[in-house]
Amino acid sequence: MSAGVRAVGVDVGGTFTDLVWTDGVDLRTLKVPSTRSQEEGFLRGLEALSTVGLDRLVHGSTVATNALLEGAWAETALLVTDGTRDVLEIGRQARPALYDLQAVPPAPIVPRTLRFEIPERLDARGRVVRPLDEPAVRAVARALPASVRSVAVALLFSFLDGHHERRVAELLRAEGVELPITLSCEVLPEVREYERTSTTVVSAALRPVVAGYLERLCAGLAARGGNCPLLLMDSAGGVLSPADACRRAAGLLLSGPAAGVQGARTVAAAAGISDAITLDMGGTSTDVGLVLEGQAQLSSAQLIAGRPVRLPMVDVHTIGAGGGSIAWVDAGGALRVGPRSAGASPGPACYGSGGAEATVTDAQLILGRLPADRPLGGLEALSRARAERALAKVAAQLDMPVPATAWGVLEIAEAAMERAVRIISVERGHDPRGLALVAFGGAGPLHGVSLARKLGIARVLVPAHAGVLSALGLTAADLVCTFVRSLVTSWSRLSPKLLAGVWDEFEREAHARLAAAGVAHRGIRAQAAADVRYQGQGHELTVACSTPVITHADIALLAERFHAAHEAAYGFATPEAPLELVSLRLTARGLVAKAPLPEAPRIASGDLLVERRSVHFGPDFALETPVFRRTALPAGRTLEGPCVVEGEESTCLLPPGSRAEVDAIGNLLVEVGTWTR
Amino acid sequence: MDPVTLSVLGHALAGVAEEMSAALVRSAYSPNIKERRDCSCAVFDPRGRMAAQAEDIPVHLGAMPFSVAAAVASCPDPQSGDVIVLNDPYHGGAHLPDLTFVAPVFLRGSLLGYVAARAHHADVGGTTPGSLPAGATEIYQEGLILPPVRLWRAGKLDDDLWRVLLANVRTPLERAGDLRAQLAAVHVGAHRLAGLADRYGPGILAEGMDALMAYAERRMTEAIGMLPVGSWAFEDTLDEGQRVRVVITREAAGLTIDFAGSSPQTRAPVNAPLAVTASAVYYCLRTVLDPGVPPNDGAWRGVRIIAPKGTVVNAVHPAPVGGGNLELSQRIVDVVFGAFAQAVPDRVPAASQGTMNNLTLGGVRADDGTPYSFYETIAGGAGALPDQDGLSGRHSHMTNTLNTPIEALELAYPLRVERYELRPGTGGAGVRRGGDGLRRDIRVLGHTATVSLLADRRVGRPYGLAGGEPGSPGEDWLMIEGEAPRRLPAKGTVEVAPDGVISVRTPGGGGYGTPASRGGVERAETK
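Going down the list, the sequences are from chains A and B.
Quick note: the first sequence uses our numbering, first residue 17, plus one each step.
Quick note: the second sequence uses our numbering, first residue 74, plus one each step.
Just so you know, not all the hints are guaranteed correct.
To be verified - Each pair of labels, with its calculated beta carbon distance range:
#, chain 1, residue 1, chain 2, residue 2, range
1, B, Gly365, A, Pro391, 39 to 45 Å
2, B, Arg272, A, Glu677, 26 to 32 Å
3, A, Ala580, B, Ser183, 34 to 40 Å
Keep in mind that the hints were calculated from the coordinates and are not lab data.
In this text, a Cβ means the ideal position worked out from N, Cα and C, and glycines have one as well.
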């Protein structure tokens, strides 16, 4: 870390493009409307921040995600092993919903007519049982329609030996194919053909889209005279050069959520918190992530827009509940909240932009948690009358008073969020009670403390810049490259020679890529891990290793760690059962100079108290509650609930029984406490 | 109960069942549970009435309450820490591979209810690997039978019973792992249910369970009320001629589903115990009437199922039932949908493939002499809906388990998958086309394998609706180099010599609406 590094983070979201500029002393934030061509809003925002002499420019982009969601990918051809043409379409043979017969899986990105079978075959040990039919590959090259803009190759067992796939690429080039060619053995050398093929196809189909966008963006940056290199945040929370981003375009799919978790991780670390659930609650949805031992947790088992993309990504789970979730009464007379949302347009009824249905935000307004009828941050005044009208309709159906209905809407929204957070925790083998909660996004700080109490969580952190935390996270990210290689080898067959070969290859490649991005050798930190299972088990556990496993002693230590991890995750271990090494993994981190987070003022500035108003803390119970201005809170100041803290981009509620302290960088650290009326 | 508490408790109880499923899948040992998620979890009130169930697989939907009823009856003095295990289809089970754990839950000495976790085990003994012998004539050939018995008493494992259980299965290590995963699931469920009672009070929790059932009853009553008053009959058969007949009658009082006229039970493993028949009926009701009704005891109060004892839809001891769960359950769905199609034609699809194409391969590896057993189900075509084509190459109705990846299969077993593809044109023609079936060819490497097939719709065809054509039937072939391909029976066991290839080709779904070639409307989209 070094002061004086000037960094800008640009996070492009669906509604707003958020920018953060920091040099470690000052911090400036800006929100501009996002544009259809993302680079326009990006460049306009950068212009407005009037940045000179930048050292780092890091970008979180939804360009890959949007292309996948909207089907705006490049036409792609796929070459596969003879007999497996339909693997991409059959998937794992399950229908997408059990009881909804109309639900359909996403159509395959490559239609059947562009899926070509190549006679060739490796067996499960990587031995050639049918040689590659080279004339057949040449024939495919000649048969490719002119409209195709990208080619993917995914052959069976190429994760064991990629020479057939590489030869296919050579033959296509020899036949004059000049399109980008994406090989499954390079994108994801991992067992399970459908997931590997899907990941490869997604990457191939997005490659021209991402390349085109980055070309336009870089040209725009060059035109305004900047010479600061652009970096992109990938789905795993590291940053990539534009060239690497194009090669693995699917790696950008969770760029935005990764930035959010990185931001949460950074502010939590500054507050001395290393284990936390991150809760990014916006208008239509809430992203829940996990930080353990100071690292954003990754997963490579995610579906994006219904398609498996098995690259390491921040383990973010999206819940369909947010400030815009709509309250309604169903056929059985139960009050329900969501999954329909008023979103940003028309938005909650109180926005006065045409929304007439009651939302979570309307309930917050009615209960006094948000200010009525005066401007708040960048928003127009929220109309209490409109919120009342919308909620009164729901209240009438239930024959309940309006405030009790509003209270119920929040209770139900939080019950849905509690349910989702618990399942996410159980699936990952963690008890939420041992973690802190980092609550951010426009709506997160309103629900954070209440939700924490329901989950048995003792501490909540509300970051100083809760509304632009993702952009802040961008300024603090390291360069990261990740590697994986499936071996699927029984323990007795492991040899130091075999293992050393894989690690050497990983390390050579990591150093070459990080050096190309300007990282010095001594700035590189590598973390090795291995996927291990009991032979015959259908799934594996990823076990971290302090150093790459090579010697027989290393192998024995890894076995011990695996048994311990199995015991911890599943409650039992079987030390006498034979083991199998499924994959080796390496994450190489290139440490970059970062600006420290600027400190909060030490003395109060401006009026602390905005007003006192009546805030509900029960269906029929309200307290006169002070409302404080977030920007006027000095470091070290303590607050007792009940109170409301109004920030620029978000509002935080401290219910009775909770207590908060402003830390050195302006975070609110909340002890949730208990309270009964 | 006020609508807010009702909704909050609805989330909480469904959450308990979901967390149990998450714990079971997470800690399971075998691919069948871990990857294919062939399992279910549910929460019950102190009277054994189901209060919530996770969205797992439909064939377990109506069957869990039978398990809890049998467990409660066999263990009238439950203690904290007891876990009852069962699989006997004539005492609360469905078919033998489905082992169900039932645990009573207490808070400070008073009974709050029960939690149950069911999982399909890859082997429970019997005459063939995988415990689904196509030639079974009595249940005794299908594996180890467990009436409801306490495997844990007050938290202590009955080691004798544990050893008996593991001595009767082909893969004891894997079974032990999966049984522990089921234990983990009931522990999570018990802990969370007790936590809810602590948070809201046992009285509110009990009241909440009642209110949730009443709520589901209101929703289902509302949905049944949308049906016209009337009576509709339909029948269809398995390939060997066993008939399932249904008459659905909607009166002011509710809905009656009457299976009178179905074939007597048979000495082949296609009989269904009542639990399976109930699951199939509930699946149809949820799908056609209201997928949002929470699956609990209240949902089915307005529905009367009449299934005469000793028939294929309510078999009695000792009829074999291995495929009742798998094959007959699909035919029950076909006839119930066929009847509903007459009442609400705009909501019901044409027949889907109507089978699960159960395939088991077992033998001894040539290289190291170790035995193996591999089981899978194969998807096919779904029936067309009035306004959309049927899905191709996907599971339909009573199952939705994942396939085994080719690479995972070949890494684990001495087999090679040479073809895995759609069968274009096997879906029935129509204004909306039925989905296409699949073809999966597997070569046996270097050893002689015992191959069991339990499938249907090889003779009969999945029906079309409103003039749509039926889907093509399935076919099964044995291909040996230098010999003419041999057609195999869809229910049977065959020895396959080294290098032989078994080719399973699954049925297409039925079409909807008279196809263009017969004067109907041209389809809106083409594939």
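Consistency of the hints with the structure:
1. Gly365/B with Pro391/A: 39 to 45 Å: 40 Å, holds
2. Arg272/B with Glu677/A: 26 to 32 Å: At 28 Å between Cβs, range holds.
3. Ala580/A with Ser183/B: 34 to 40 Å: Cβ of Ala580/A to Cβ of Ser183/B: about 38 Å, so the range 34 to 40 Å holds.
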